[in-house]
Amino acid sequence: MALAGGAMNRPSARDLAPGPRFFLFAILSLVLMYFDQKDGWGERIRYGLQAAAYPIQVTIGSPGRLWSASREFFRSRGSLREENETLRLRERELALRTLRLNALEAENMRLRGLDTMSLPLVKKSAVVNVVNADLGRLRQRLVIDAGQGSGLYRTQTLVDTHGLVGQLARVGPWSSEVMLITDPEAAVSVEIVRNGVRSVVVGTGDDNLLDLSLLPATADVQVGDELVTSGLGGVFPAGIPVGTVTESRRDPDELLAYARARPAASLSASRQLLALWFEPTHPSAPSDPRLTETLPAPTVASPVTVAPSATDTPEPAPAATAPAGNAPAPARRPRGGPR
Amino acid sequence: MYTRSRESPLLVWITVLIALVLTLLPLPQWLAIAWPNFVLLAVLYWSTMTPAAGGMLIGFAAGLAVDVLGGAQLGQHAFAFSLLTYLAIKLHLLTRSKPIFEQAIFALLALLIYEATLWAIDGFSNRSTGTWMRWMHIPVGAILWPIVVGLLGRLHSPR
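Note that the protein sequences, when read in sequence, are chains C and V. Start counting the first sequence at 1; every next residue gets the next number (our numbering). Start counting the second sequence at 1001; every next residue gets the next number (our numbering).
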């Protein structure tokens, strides 16, 4: 205790009246809180502050990045060659699958009578780096090193090589905040690939666990079921892998089934993500006009927000269909769908 | 005996900045529960020991930084930090002459007031008020108080 006792230091002039100073700062804080509740202004203040805070965010994230970078550096030649081999195999496999999928997509479009098949859903994608992670019980967020300067926009979809990661919650000038799908505030409308049953997946605050909420007790869910986005929320396009059901229980006394899933994407381990821009005219693109900047009049009927209880009659919807398209049931004719 | 607050504000700002980075380091879940709020302890130290160099501005600024970096409601931590700094400055004559263990008890109370303020704001604005885990940094911080005093005291004591 270097300072205990002794003649007391006379505070300088600016600290003579802590009361009024506190009053000032308290009012300022309350004003900030008020504006943050009403969206617009708080976002603008935050935009500036986030730019100022970016160096600190990078510093905070640096120990983790240093660790992985040094691990990368000291890897042996053998393990690199091995990895190279597996990647090459995987690349060949993926190329074959892409070939098949292209043909399938073309056929699917033709069956539904749409001529826009030549447009790919993803117009553009950009690799972004994770500079900081905040994976707590109350928040599951990542900070990435790209912002408005790179053309990113709020609610933008981010994926990694395995599946959906989340959406942008805040966009700063040169950094952005990703809300992971495991964030307690996040909700993604999904459907089960096997039978088309729709549900909403909400985050749990655990980066390895998702909760399937609003699933009626009669719904057909099994462990191992694959979940993909259904495109109904208007934020994510349809058909992106979300996770796999790991637990499904049914209590006859309960109205809702209890089901949990594991995210497909490796949320806490990814150091690089893909930010996606969608072709707004594509039938599977997110439909909210605010989300796709220059969306002309919708080419398909806008998606109907179906209440989860309507899933009692599951329709066999394939993974990448448009949400509630206006085409009638696909005719099984080889050429030319219903016009 | 050293009594004048000759510390440059620069030293105060730098230590608070380092404490801020330490506080917000991404950590595994088990460690994050017992991770002390370093920036709070640093602000508490400076406003108790050298109210002139610390002051309420640094409390407000640190709180605002926590708001922005932690993604909380803007102004929430800024308010709690200002309140804490105000109390610390108001009572610094009382607390800083006490033996270190009594000081740790004062620190415990201060941290409790801080967290209770945040908790109340969360409640008023209809946000999740969290679990018992959010209170865990308080005893840890109080236990660490003598170390904080030892470390920061070394930085500005006369040679």
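Read the hints as simulated data drawn from the structure, not as lab findings. Cβ coordinates follow ideal geometry from the N, Cα and C atoms, glycine included. You may find that some hints are simply not true.
What the hints assert, rightly or not - The following label-pair restraints were derived from C-beta to C-beta distances: (1) V:Leu-1027 - C:Leu-30: 44 to 54 Å; (2) C:Ser-150 - V:Met-1133: 18 to 28 Å; (3) C:Arg-271 - V:Leu-1093: 44 to 54 Å; (4) V:Phe-1124 - C:Gly-224: 41 to 51 Å; (5) C:Gln-148 - V:Thr-1129: 41 to 51 Å; (6) V:Glu-1102 - C:Gly-224: 29 to 39 Å; (7) V:Gly-1130 - C:Gln-272: 51 to 61 Å; (8) C:Glu-82 - V:Ala-1116: 53 to 63 Å; (9) V:Ile-1147 - C:Asp-220: 41 to 51 Å; (10) C:Ser-150 - V:Ile-1100: 19 to 29 Å; (11) C:Ser-150 - V:Leu-1093: 44 to 54 Å; (12) C:Ala-51 - V:Ala-1116: 43 to 53 Å; (13) C:Gln-148 - V:Ile-1018: 24 to 34 Å.
Q. Does the hinted range 18 to 28 Å hold for C:Ser-150 and V:Met-1133 at CB?
A. 36 Å, violated
If I claimed the Cβ atoms of C:Gln-148 and V:Ile-1018 lie 24 to 34 Å apart, would that claim hold in this structure? 30 Å, holds
Is 44 to 54 Å right for how far apart the beta carbons of C:Arg-271 and V:Leu-1093 are?
51 Å, holds
Review point. Does the hinted range 51 to 61 Å hold for V:Gly-1130 and C:Gln-272 at CB?
Key: About 31 Å separates the Cβ atoms of V:Gly-1130 and C:Gln-272, which means 51 to 61 Å is violated.
CB-CB spacing for V:Ala-1116 and C:Glu-82 relative to the 53 to 63 Å hint
Since the Cβ atoms of C:Glu-82 and V:Ala-1116 sit about 55 Å apart, the hinted range of 53 to 63 Å holds.
Given a hint of 29 to 39 Å, does the C-beta separation of V:Glu-1102 and C:Gly-224 actually sit inside it? 60 Å, violated
Practice problem: Starting from the hint 43 to 53 Å, judge whether the C-beta atoms of C:Ala-51 and V:Ala-1116 obey it. | Solution: 32 Å, violated
Original post:
When you take the CB atoms of C:Ser-150 and V:Leu-1093, is the distance between them in 44 to 54 Å?
Top reply: 53 Å, holds
Fill in: 19 to 29 Å as the expected CB spacing between V:Ile-1100 and C:Ser-150, which holds or is violated
51 Å Cβ-Cβ, so the 19 to 29 Å window is violated.
V:Leu-1027 paired with C:Leu-30, Cβ distance criterion 44 to 54 Å: 31 Å, violated
Between V:Ile-1147 and C:Asp-220, does the C-beta distance stay in 41 to 51 Å?
58 Å, violated
**Request:** Could you check the hint for me, namely that C:Gln-148 and V:Thr-1129 are 41 to 51 Å apart, CB to CB?
**Result:** 33 Å, violated
Hint violations for this structure: numbers 1, 2, 5, 6, 7, 9, 10, 12, all remaining hints satisfied.
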